[in-house]
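Asks: Could you slot chain V onto chain L? The hints should help.
These protein sequences, in sequence, are chains L and V.
Position 488 of the first sequence, counted from 1, bears residue number 488 in this note's numbering, the numbering being contiguous throughout.
Position 421 of the second sequence, counted from 1, bears residue number 421 in this note's numbering, the numbering being contiguous throughout.
Hints are not guaranteed to be accurate.
Which copy is meant is left open, because identical chains are indistinguishable; a pair holds if it fits in one copy or across any two.
Stated by the list, open to error - Heads up, simulated DSBU-like pairs for lysine-lysine below, C-alpha to C-alpha not over 35 Å straight-line: (1) LYS487 - LYS95; (2) LYS629 - LYS172; (3) LYS414 - LYS95; (4) LYS644 - LYS414; (5) LYS95 - LYS374; (6) LYS251 - LYS356; (7) LYS422 - LYS7; (8) LYS591 - LYS487; (9) LYS298 - LYS251; (10) LYS422 - LYS247; (11) LYS330 - LYS422; (12) LYS374 - LYS172; (13) LYS268 - LYS422; (14) LYS416 - LYS330; (15) LYS668 - LYS268; (16) LYS414 - LYS172; (17) LYS7 - LYS247; (18) LYS199 - LYS298; (19) LYS251 - LYS422; (20) LYS172 - LYS7; (21) LYS414 - LYS199; (22) LYS356 - LYS330; (23) LYS414 - LYS487; (24) LYS416 - LYS172; (25) LYS95 - LYS422.
Quick caveat, the hints were computed from the structure, so don't treat them as lab data.
Protein chains: 2
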Amino acid sequence: MDVTNMKQQAEALVAQMTLEEAASQLLHQSPAIERLGVQEYNWWSEALHGVARAGRATVFPQAIGMAAAFDPAFLQTEAEAIATEARAKYNAAVKYGDRDIYKGLTYWSPNINIFRDPRWGRGHETYGEDPYLTTTLGNAFIRGLQGDTTSGNYMKIAACAKHFAVHSGPEKLRHEFDAQATEKDLQETYLPAFESAVKDAGVESVMGAYNRTNGEPCCAHERLLVQILRGEWGFDGHVVSDCWAIKDIHKNHHYTNTPEESAAIAVKRGCDLNCGCTFEALLDAHRQGLISEEEIRKAAVHVFTTRFKLGEFAKDCPYDEISYDVVGSKEHRALALQAARESMVLLSNDGSLPLKLEQLHTIAVIGPNAYSQKALYGNYNGFSDHWITNLDGIREAVGDRARILYSQGSDIVKDKEDPLAKCGKYYSEAKICADLADVVILCVGLDGDLEGEEGDTGNAFASGDKIDLLLPKTQRQLIEEVLGIGKPTVIVVNAGSALDLSAYEDRAAAILQAWYPGECGGEALAEILFGKVSPSGKLPLTFYHNTDPLPEFTDYHMKGRTYKFFEGTPWRAFGFGLSYTTFAYRDLQVKEREDGALDLSVTVQNTGAYDADEVTQVYLSYDGEAFEKPIRKLVGFVRTSLAKGEEQQLQLRIAKRELLSVLEDGSKTILPGTYRLSVGSSQPDEKSMALMHSVPQEQTFSLS
Amino acid sequence: MDVTNMKQQAEALVAQMTLEEAASQLLHQSPAIERLGVQEYNWWSEALHGVARAGRATVFPQAIGMAAAFDPAFLQTEAEAIATEARAKYNAAVKYGDRDIYKGLTYWSPNINIFRDPRWGRGHETYGEDPYLTTTLGNAFIRGLQGDTTSGNYMKIAACAKHFAVHSGPEKLRHEFDAQATEKDLQETYLPAFESAVKDAGVESVMGAYNRTNGEPCCAHERLLVQILRGEWGFDGHVVSDCWAIKDIHKNHHYTNTPEESAAIAVKRGCDLNCGCTFEALLDAHRQGLISEEEIRKAAVHVFTTRFKLGEFAKDCPYDEISYDVVGSKEHRALALQAARESMVLLSNDGSLPLKLEQLHTIAVIGPNAYSQKALYGNYNGFSDHWITNLDGIREAVGDRARILYSQGSDIVKDKEDPLAKCGKYYSEAKICADLADVVILCVGLDGDLEGEEGDTGNAFASGDKIDLLLPKTQRQLIEEVLGIGKPTVIVVNAGSALDLSAYEDRAAAILQAWYPGECGGEALAEILFGKVSPSGKLPLTFYHNTDPLPEFTDYHMKGRTYKFFEGTPWRAFGFGLSYTTFAYRDLQVKEREDGALDLSVTVQNTGAYDADEVTQVYLSYDGEAFEKPIRKLVGFVRTSLAKGEEQQLQLRIAKRELLSVLEDGSKTILPGTYRLSVGSSQPDEKSMALMHSVPQEQTFSLS
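Okay, chain L solo, but in the shape it has when bound (with noise of 0.2 Å):
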């Protein structure tokens, strides 16, 4: 795709504009104007993890499930997948002259802001607390949404990096919030993942957050927007506004008197797009003398280009031929079915998983998340046309060879079904099938309900966050009565956030984090249960004990935060996650390039029963001293599918970026002297990884 010639043409057509019409083209739902053949559009499209909101579409799991496969190639994959689909309905739409919200080309995916905090109810849209395993997927993510462009190609779909920047909570306060971060967590945290976006994945947009950082409103920050983004990344595609944050400016965080003056200075310092509507003032601000029509037309110049971009412009457009038949194909689900295998975690084991199914006469299935739809789709999903719940997938796994009892066993939050009975209404019937079965498979967690945004739902919770790390009341009564029973347990989690299940470890038979696993969910964990897929997820956030170690919720400084920061010892670490089988790892060998990067080698054999994926992790760890250094970090993965007895060479290199250390003041420099490489993954007898990441194969090297 030849850029240049875009923005020129975007030039052009902006040019013939009058400034009214180039403002009105600054609002998500943009008119159109017909004298220059610009149809109406809609800026306005999710697709978090599949097109969401739009009717029928393939659901993938939620991107925290995605983060937890640590495979970039795959997700890259989903993500065309993901694009394809989006195409299709687009073209469809267009043919019956739907223009309207969630039907666009511009994505408003991924979200690859740090998971800072557990408490953050919209965790489960991150790709988890690492900047390196965020880094990563987002720009797989955005390179499969918006196509191969090089070559002259058109951009398939536009991606879109939010939320700009330094943005994890607490809902509650987002419209009013200050975010205080300090240049190295800056540097550190916060900015990388949006740095590569830009620069190495050639992300079309990146949104502005609602709440200020140090001090300026994420829409309107001088440093964040011009200086960094647009100044030290050389971003050219445009910017848009977190939906109705531009009012937030002068209404909440008072920065601003006026919507006038929040809409320029939105646009003065490069917020092209406005989501909600205060941009409708641009042309009173131009009055005020607070704008200046050229910098309207920049603006839409920047939007503009991105339609050019798209194609939608054009006659030559391979994309204008994708047909609605490619949605929810067979193909597609079979994605979303081996994105759900490869996300669950196993956090526990007494040896009871993999299930015997020939053992087995009666098997209860019991829990609010065992029959439930909403329980596979977390937030900003779309609609499948076959949703497999936990319950249906065991069901048919299972078929005529075992029967199986189910209970819902409570409500997910409500601690009463029913206002008229005098407790829940369901643990009893959960006693009996538990009582009557030969093994238990007791399915809890949370939904898209009770973690998430700010105002979307109802939570029991506040305003989508969770308060602690606790199930919910209910739930837990729910464990304890069915656990009561005395059979064996299997505990599995949908949920998008870490919980604290240390409680159960040592009463239930294992317990499995599947997190919100889209449309095959259920059919994903029954093959893991059964044993016909071996567990390979590993976390991609701490699951602490508590809260109470971690700081204030507020408070955005990284120390103590993450595996990275944290001192003390997590119910489970970051990239922890148990398999069937057990791998053995040998030469481990480390060369210097003269890039400065490391090129890494190392044989790893699947010694288990079982045929296997398995995630190597590289850690680094720093032995000098150094101002907050990291305990450890990840710099670099590879997923690896293993039948049992094989073995393989792993090449992977460790690019010189990786192994600079952030100072105090936010620069990034080589530290001289000796430096720690571990590689492995976590193995069945090592359950909580904690500090040193436990690994069977370590190396030092000094670098100066």
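Replies: Then chain V, alone, in the frame of chain L:
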């Protein structure tokens, strides 16, 4: 069962109680009396079409669908299965000390009110508009629930005939309304099903309605409860109030002034048990001299007689042995499927049905009820562990033989699915699906949130009732959008009442009324759509074009209502329902018996190309003059399975009481003169069967 003995035991037990203790047992949530070995007991359980509101239970089609099946023998079998599950669930709950609501042995089903007006939101709980059909099915259901109580058997569970008497909306007014019923309508329409439930089926309990009837509150109705129920009919079970209906007596009916007066008059007039808490005032009422101790004790004896009949205090009750395994068993599920098959009514067919799967490449399944579990269960429902929605059933039946494209099409009632959208979100998706398909299956209708009970739901109409017979606007637009694409379109309607679909008759390939068909509904639907099963259900109520020619909703005169008295031409008549095959009738013979009954024989042959069930209906009409005489009335029916080509000689007995005419004063007599008996059912070319039932076989005879 030796009822006398049960009553004596109850008397002996109540005699040991203090007055306070006896009075405490007249509330639906009855406390334990430990010193007498009386456990806590909650009287409130529901089982309209399966054990309801108590977790997992087999969910059969809603009552109105079972009415359409015209199959009392099957309904009794179904009710036996329901009672088996109820006992199993009771046994399990009691094992864990759970004696909470919905887990007892006293079930407040069936609803044998007459569905006299199509606007009534609770009409789908009933067996339709005809007293004979209602009587026949109500009795079958009661017998199935209660089991064989002859020869010393305990009662399986106690049924309850509700709501006594003259109760059918409006929901909004039910707590203050006075239903005015003539003597003729009482005897001809409103009371027969209750009378027969008491006298023929031995129903254990009767529930008083919320409203007044002819001036007196039904739960304290001298004539209904004292004179008719206990007097004329000899009812010896217990009477329960509708929930919080006793409070209405003073608060809304202003028939009394205080809770004490309401409680006292209700008990004095035979209402033994209070669903609610107003009977807490009974002791004060006694102190105030409003009611005697003897009257309170008498009510207690009534309710304890029921508990003794149920074997609660016995050690030899065989039902105590029923294991939880029966709940949702394969056998019960097969019954649910069979019930759904029998219930569905084919309303029009241009020959497109059954669909020829081998000729189809792509099938569009569209509509808010296509993938809706709620569309399966109506209200007063249990929960399945395997709902087969319409889409599920079609997907399963089609397998890999055709591609299915699904769109929700529209919300079930909201004009816009999303406040941010400009219009219905799914219309264009529905259109592209239709456009790509060879055939469209368009699933519309209502659900239990839209038609139901006052206060239960936030429906868009009127407190659960309908304001007209139209589908919600958003669905009407969806139908137009889809029909506009021009593909053969089968309209499937999940709803529990008459909707006017005449506007689509000439443009849709077929219209199928599927009711709320229970947990296997989609499987039965697919069997019918693809010709594995021929539709055989018949309308248990008139489908009018609209409500214009009907009396006011609040008018309880039967004149002008139901097929018996409606002089106009309805869209589809009572008893109507198409088949894939044709039937021929011959050799009708009628013989008068000594007891005044008629013995009727007729030969029916399946003359078409499909194996099918036929519902042979017998209507009686009187050629003479009489006050408000019915145009025709159902006096007999039988369902028969006939392979193609097969013929069978049917024997039906018409009881003498069906030949009686009800005079203006409510008295019943044989009017001398000529009568016409019409035998048959609707044929594919007889769409409306108006006025005189169009049938192949008629015979006149004279009575004197």
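Asks: Please write out, lowest number first, the hints stated earlier that are contradicted by the structure.
Replies: 4, 6, 8, 20 and 21
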